[in-house]
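**Student:** Respectively, the protein sequence lines represent chains A and B. Oh and the first sequence: position 115 is 115 in the numbering used here, straight run, nothing missing. In the numbering used here, each number is its position in the second sequence, counted from 1, plus 174.
Note that these hints are calculated values from the structure, not bench results. Incorrect hints may appear among the rest.
Listed next, the in silico DSS-like pairs over lysine-lysine satisfying Cα-Cα at most 27 Å (straight line) [to be verified]: (1) B:K232 with B:K321; (2) B:K232 with B:K263; (3) B:K263 with A:K13; (4) B:K321 with A:K152.
Some residues of chain B that are not near chain A, with every Cβ distance over 12 Å (derived) [unchecked claim]: (5) L182; (6) E184; (7) L185; (8) M186; (9) T188; (10) L192; (11) F197; (12) T206; (13) R219; (14) V222; (15) E229; (16) F233; (17) R291; (18) K321; (19) I323; (20) E364.
Glycine included, every Cβ here is placed at the ideal spot set by N, Cα and C.
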Amino acid sequence: MLLLWEIYYSFFKIGLISFGGGYAMLPLMRQEFIGGDWLSLCEFLDILAVAEMTPGPVSINMSTFVGFQMAGCLGAAIATIGVLSPSVLLLLLIFFLSKWFIGSRWTRAAMRGIRPAVIALIALAAIFIGEQVLNEITALFIFLVCLALSLKTCLNPIIIVLIAASFSIFINIL
Amino acid sequence: MKPFPSSLRELMNTLTCLGQLFFLFFKIGAFTFGGGYVMLPIIEREIVEKREWIERDKFLDILALAQSVPGALAVNTSFQVGYRLYGIKGALTAVLGAALPSFIIILLIALYFFEYRNHPLAEYAFMGILPSVVALITAAAWRMGEKTIGDWKGMAICGFLLLPGYFLDWNPFFLLLAGALGGIFMYHREEAEAGSDE
Numbered sequence: 001m002l003l004l005w006e007i008y009y010s011f012f013k014i015g016l017i018s019f020g021g022g023y024a025m026l027p028l029m030r031q032e033f034i035g036g037d038w039l040s041l042c043e044f045l046d047i048l049a050v051a052e053m054t055p056g057p058v059s060i061n062m063s064t065f066v067g068f069q070m071a072g073c074l075g076a077a078i079a080t081i082g083v084l085s086p087s088v089l090l091l092l093l094i095f096f097l098s099k100w101f102i103g104s105r106w107t108r109a110a111m112r113g114i115r116p117a118v119i120a121l122i123a124l125a126a127i128f129i130g131e132q133v134l135n136e137i138t139a140l141f142i143f144l145v146c147l148a149l150s151l152k153t154c155l156n157p158i159i160i161v162l163i164a165a166s167f168s169i170f171i172n173i174l
Numbered sequence: 175m176k177p178f179p180s181s182l183r184e185l186m187n188t189l190t191c192l193g194q195l196f197f198l199f200f201k202i203g204a205f206t207f208g209g210g211y212v213m214l215p216i217i218e219r220e221i222v223e224k225r226e227w228i229e230r231d232k233f234l235d236i237l238a239l240a241q242s243v244p245g246a247l248a249v250n251t252s253f254q255v256g257y258r259l260y261g262i263k264g265a266l267t268a269v270l271g272a273a274l275p276s277f278i279i280i281l282l283i284a285l286y287f288f289e290y291r292n293h294p295l296a297e298y299a300f301m302g303i304l305p306s307v308v309a310l311i312t313a314a315a316w317r318m319g320e321k322t323i324g325d326w327k328g329m330a331i332c333g334f335l336l337l338p339g340y341f342l343d344w345n346p347f348f349l350l351l352a353g354a355l356g357g358i359f360m361y362h363r364e365e366a367e368a369g370s371d372e
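All chains should be modelled from the sequences, with the hints used to inform the complete structure.
**Tutor:** Structure representation (structure tokens):
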């Protein structure tokens with residue numbers, strides 16, 4: 001019971017900072033789960049890769065998977081509800097207070113500061129994961145090619161991931 | 175808000191409407207790979223163009239709000255679409271529909287994942303997948319930066335926050351709070367001139 005409450009609380013916090021989609025929450029997920037006895041770094045990276053390759057929002061995929069690792073199916077459900085709760089509650093709150101909240105110049109100014117902060121969070125996620133993963137020349141090559149594909153073409157992300165996977169299988173088997 | 179359905183027929187009507195809403199978002203959740211920015215055009219096509227449930231400029235409002243609260247873009251959008259159509263029950267139905275496919279798919283994968291993780295083919299595949307994921311995250315940061323950082327102030331906030339975030343491992347909440355305070359400090363005058371307090 002206590003574990004489930006802990007899972008809910010952790011994922012509520014994670015949901016609360018996930019501005020701009022799933023990537024901004026990765027730094028907090030790392031701080032919350034890795035290093036404790038819940039999740040190893042390798043498992044975290046594996047889960048991220050799976051979350052990226054399956055349909056649906058990365059944040060929900062990550063939460064379901066990590067929750068499952070921690071406490072089975074029930075844990076997965078609690079984690080997913082936890083990560084969804086802040087958005088749902090905030091949106092409801094905003095619908096009731098709408099005019100005052102959205103229109104206020106203080107809110108607008110704060111949002112203009114939060115957006116660059118979110119980008120810093122996403123960049124931190126890229127740096128932290130990149131440090132773990134980009135440790136050899138092949139990985140670096142795949143990274144650069146995928147980055148170029150992602151920025152210069154409008155290929156669906158899943159296609160880019162699949163290209164990278166098949167390339168890696170191909171050169172390792174040869 | 176409607177009163178409690180007075181007849182069986184009305185109840186059936188409500189259930190049919192909610193069912194349609196649920197299955198639409200279930201379908202979108204189940205078949206769109208690649209996260210929120212891939213989903214949005216599909217949601218727009220289904221809701222605005224095909225079914226004409228919501229007008230285009232209303233949909234743009236929905237998008238703006240979806241991007242200014244935390245959470246997955248697809249979830250925030252589906253919540254608001256459901257809310258506009260049928261109130262709170264619509265909102266919860268739509269969110270459930272959007273979230274359930276990922277939940278089920280991940281659960282199935284999680285049950286079997288670690289059995290196959292150490293197979294050599296999986297090992298090779300992950301050696302390629304992880305760098306590509308880093309590339310996708312980097313590209314997301316880059317693209318969002320291009321879109322939302324409009325001036326040197328935004329760049330300064332982002333740049334300054336990277337330092338404590340990286341070297342001191344600050345809690346992301348502090349980073350967001352610092353960003354919000356920085357935004358209020360640097361932009362409140364500009365925002366006061368730009369628009370009236372509504």
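**Student:** Please go over all the hints and tell whether each is borne out by the structure.
**Tutor:** Hints versus structure:
1. Taking the CA atoms of K232 (chain B) and K321 (chain B), the gap is about 22 Å. The hint holds against a cut of 27 Å.
2. Using a Cα cut-off of 27 Å, the hinted pair K232 (chain B) and K263 (chain B) holds, with the two alpha carbons roughly 20 Å apart.
3. The hinted pair formed by K263 (chain B) and K13 (chain A) meets the criterion: a straight-line CA distance of about 25 Å does not exceed 27 Å.
4. About 15 Å separates the Cα atoms of K321 (chain B) and K152 (chain A), which keeps this hinted pair within 27 Å; it holds.
5. Remark: the non-interface label on L182 (chain B) is consistent with the geometry, its nearest Cβ contact in chain A lying 30 Å away (cut-off 12 Å).
6. With a closest Cβ-Cβ approach of about 25 Å to chain A, E184 (chain B) is found to remain outside the 12 Å limit, as its non-interface label requires.
7. No beta-carbon of chain A is positioned within 12 Å of the beta-carbon of L185 (chain B); the least distance is around 24 Å.
8. Once the 12 Å rule is applied to beta carbons, M186 (chain B) is consistent with being away from chain A; the minimum gap is 27 Å.
9. Residue placement check: T188 (chain B) keeps its beta carbon more than 12 Å from all beta carbons of chain A (closest about 20 Å).
10. The non-interface label for L192 (chain B) is consistent with chain A: the shortest C-beta to C-beta separation is roughly 17 Å, beyond 12 Å.
11. Distance check on F197 (chain B): its Cβ is at least 15 Å (rounded) from any Cβ of chain A, clearing the 12 Å threshold; non-interface status holds.
12. Separation of T206 (chain B) from chain A is inadequate, the least Cβ-Cβ distance of about 6 Å not exceeding the 12 Å criterion.
13. With a minimum CB-CB distance of about 16 Å to chain A, R219 (chain B) clears the 12 Å threshold, and the non-interface call stands.
14. Interface exclusion of V222 (chain B) from chain A stands, the closest Cβ pair being 20 Å apart, more than 12 Å.
15. For E229 (chain B), the non-interface assignment is confirmed: its Cβ lies about 18 Å from the closest Cβ of chain A, beyond the 12 Å cut-off.
16. The Cβ of F233 (chain B) lies farther than 12 Å from every Cβ of chain A, with a closest approach of about 15 Å, so its non-interface assignment holds.
17. Not every CB of chain A is more than 12 Å from the CB of R291 (chain B) (nearest about 6 Å), against its label as outside the interface.
18. A beta-carbon of chain A comes within 12 Å of the beta-carbon of K321 (chain B); the shortest separation is about 9 Å.
19. Non-interface call for I323 (chain B) relative to chain A: violated, since the shortest CB-CB distance, roughly 6 Å, does not exceed 12 Å.
20. Under the 12 Å C-beta cut-off, the non-interface status given to E364 (chain B) relative to chain A is violated; the minimum distance is some 8 Å.
Violated hints for the displayed structure, listed by number in ascending order: 12, 17, 18, 19 and 20.
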